[in-house]
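Please put together the full structure from these sequences, using the hints given.
Just so you know, the sequences run in chain order Z and R.
Taking my numbering, the leading residue of the first sequence gets 1, the next gets one more, and so forth.
Taking my numbering, the leading residue of the second sequence gets 1001, the next gets one more, and so forth.
These aren't lab readings, by the way, just hints derived from the structure by calculation.
This structure is a prediction, so every number in the text was calculated from the model and none was measured.
Certain hints may be false.
Label pairs and their calculated CB-CB ranges [unchecked claim]:
no.	chain 1	residue 1	chain 2	residue 2	range
1	R	Lys-1293	Z	Asp-32	54 to 64 Å
2	Z	Glu-140	R	Ser-1294	28 to 38 Å
3	Z	Gly-125	R	Gly-1302	46 to 56 Å
4	Z	Pro-105	R	His-1100	26 to 36 Å
5	Z	Arg-170	R	Gly-1075	16 to 26 Å
6	R	Lys-1138	Z	Gln-52	42 to 52 Å
7	Z	Lys-183	R	His-1100	20 to 30 Å
All C-beta atoms in this analysis are idealised placements derived from N, C-alpha and C, irrespective of residue type, glycine included.
Next come the chains, spelled out residue by residue.
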Amino acid sequence: MDLRPKINDTSCRCVILTSIDEKPAIEIDVPDDSFVQMIKKTGGPNIQNCFQCGTCSGSCPAGARTNYLVRGIIRKALLGLKQQCISAKELWYCTTCYTCTDRCPQDVKPTDVIKAIRNIAVAEGYMLEPHQKTAQKVLEAGHAVPLDKDSWQDLREKVGVERIPPNASRYAEAIEEIRKIAKKTGFDKLVEDKEEK
Amino acid sequence: MAKKKSFYHFLGCIIPHRYPSVEKAAKLVFNDLGIDLLDMDGATCCPAPGVFGSFDRVTWATIAARNLTIAEAGGHPIVTGCNGCFASLWDANYELKHDHELRDKVNENLAEIGREFKGTIEVWHYVDALYQLAGLEKIRDQVTRPFTGVRMALHPGCHWMRPKIIKQKDDSERPHIFRELCETSGAEYVPYKDELICCGAGGAVRTADVKIALEFTKQKFDSLIAAGGADMIITPCPFCELQLDAGQVEIQKYFEQEYKFDILHVVELLALAFGHEPDEFGLATHLQYMQRKSEPAWENLGIKVGEH
Ligand code: SF4
Ligand code: SF4
Chain Z
1 MDLRPKINDT SCRCVILTSI DEKPAIEIDV PDDSFVQMIK KTGGPNIQNC
51 FQCGTCSGSC PAGARTNYLV RGIIRKALLG LKQQCISAKE LWYCTTCYTC
101 TDRCPQDVKP TDVIKAIRNI AVAEGYMLEP HQKTAQKVLE AGHAVPLDKD
151 SWQDLREKVG VERIPPNASR YAEAIEEIRK IAKKTGFDKL VEDKEEK
Chain R
1001 MAKKKSFYHF LGCIIPHRYP SVEKAAKLVF NDLGIDLLDM DGATCCPAPG
1051 VFGSFDRVTW ATIAARNLTI AEAGGHPIVT GCNGCFASLW DANYELKHDH
1101 ELRDKVNENL AEIGREFKGT IEVWHYVDAL YQLAGLEKIR DQVTRPFTGV
1151 RMALHPGCHW MRPKIIKQKD DSERPHIFRE LCETSGAEYV PYKDELICCG
1201 AGGAVRTADV KIALEFTKQK FDSLIAAGGA DMIITPCPFC ELQLDAGQVE
1251 IQKYFEQEYK FDILHVVELL ALAFGHEPDE FGLATHLQYM QRKSEPAWEN
1301 LGIKVGEH
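Structure (structure tokens):
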């Protein structure tokens, strides 16, 4: 995907680090605390421990090759810059390797903070299409990577195991249970295809 | 004699649907070691920690908990050969045992399908079952085809040992358990600088942007080549295996660079070391070989396959 800034393209929802030649600085007067409180409730309870040492970004294999900057996202979140955080495409470059979590001297658990911010982003409609499709597959087949072709069954036969494994590929009632869970949590609505696409 | 230990065998998606050779190799190895693997009827996706954990923590935990309840009902622990499944099932089990608010929400959801998370079982990885339960001695006793002189690089991956404070498996900066386990095969361990970095597939990155994911993989391969190369790379995870194995074909397409590494799951390595023939579990069905119409480099692996 092309992550270069499209300065005049207002349809681009992704906010990128750019110099002030390209966009005005955001003025931060009094930080808004509500986003931090949301993150703390959604799975990132230690975010406020962060003292910005940069150990996380220095350890991050995603940051080494993309404009994803975990320390920067945490700082933005602490300043209440919710929209900047949840609309950034690079939020989705963290592979959840947990290296930063193992090294953070303040027990911020940056990986969990990023996942919490992703949860909030998704709840507000920022979701990449391929991820949406993967989630839909689990509701359709019970598996993110389904046994969706005869050739996969042939492969199983070739190695000497039964053609259909004893998971949701064999038991339709298991898929039914997943659908009921998704309906109860509202996940089905969250990942369904939206009209305006 | 102690009672034979039984595990529910959690297959997940990638092993049974893309790398069934791992499923078969696990059955051979565990059978040789006298550990029972029971079918886990009706288990679903773990669910994929990258996508589901990033989308909605409560739905992720509920679907994972549903899988856990299947094992709870039968009264045996779960064992999985996938770091991703381990990340969902182990983490959810841990979080549900410690976070009562989450547990209440999850159980409210599970009530909808007549289930309840009770927190009565543990989740193991193949690596735990092999290292802790069987033990290295017993494994060494089974080795009849040692990989003497074969150079072995490792890719331990992330989610078995990280986050280290919570998982308490190994020192994630200087791990030794996976290495010791693989060394029982008799192969020679080759260190390389980027051994411990992520393969690039996790966290829903492979799904979002395969090219970026492959850059991680490429970095690992280049680092290994700089260290003198290896005859095979061993991993405890089928998603890492997919990324390192089929990823070589994708790297060729996206970056026009050719790598030829044989990638084995640790149970495939042990199945061979225990004297099983590659055809018994279908080593040659790895997607790299299917797509390239190639074969494992038998000679480098020290395996005679006269009958092929
Ligand atoms: S390592 Fe921890 S304390 Fe340091 S910047 Fe990252 S999150 Fe903040
Ligand atoms: S978990 Fe994510 S943010 Fe942390 S080091 Fe790994 S890729 Fe970077």
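Which of the numbered hints are not met once you compare them with the structure shown?
-> none
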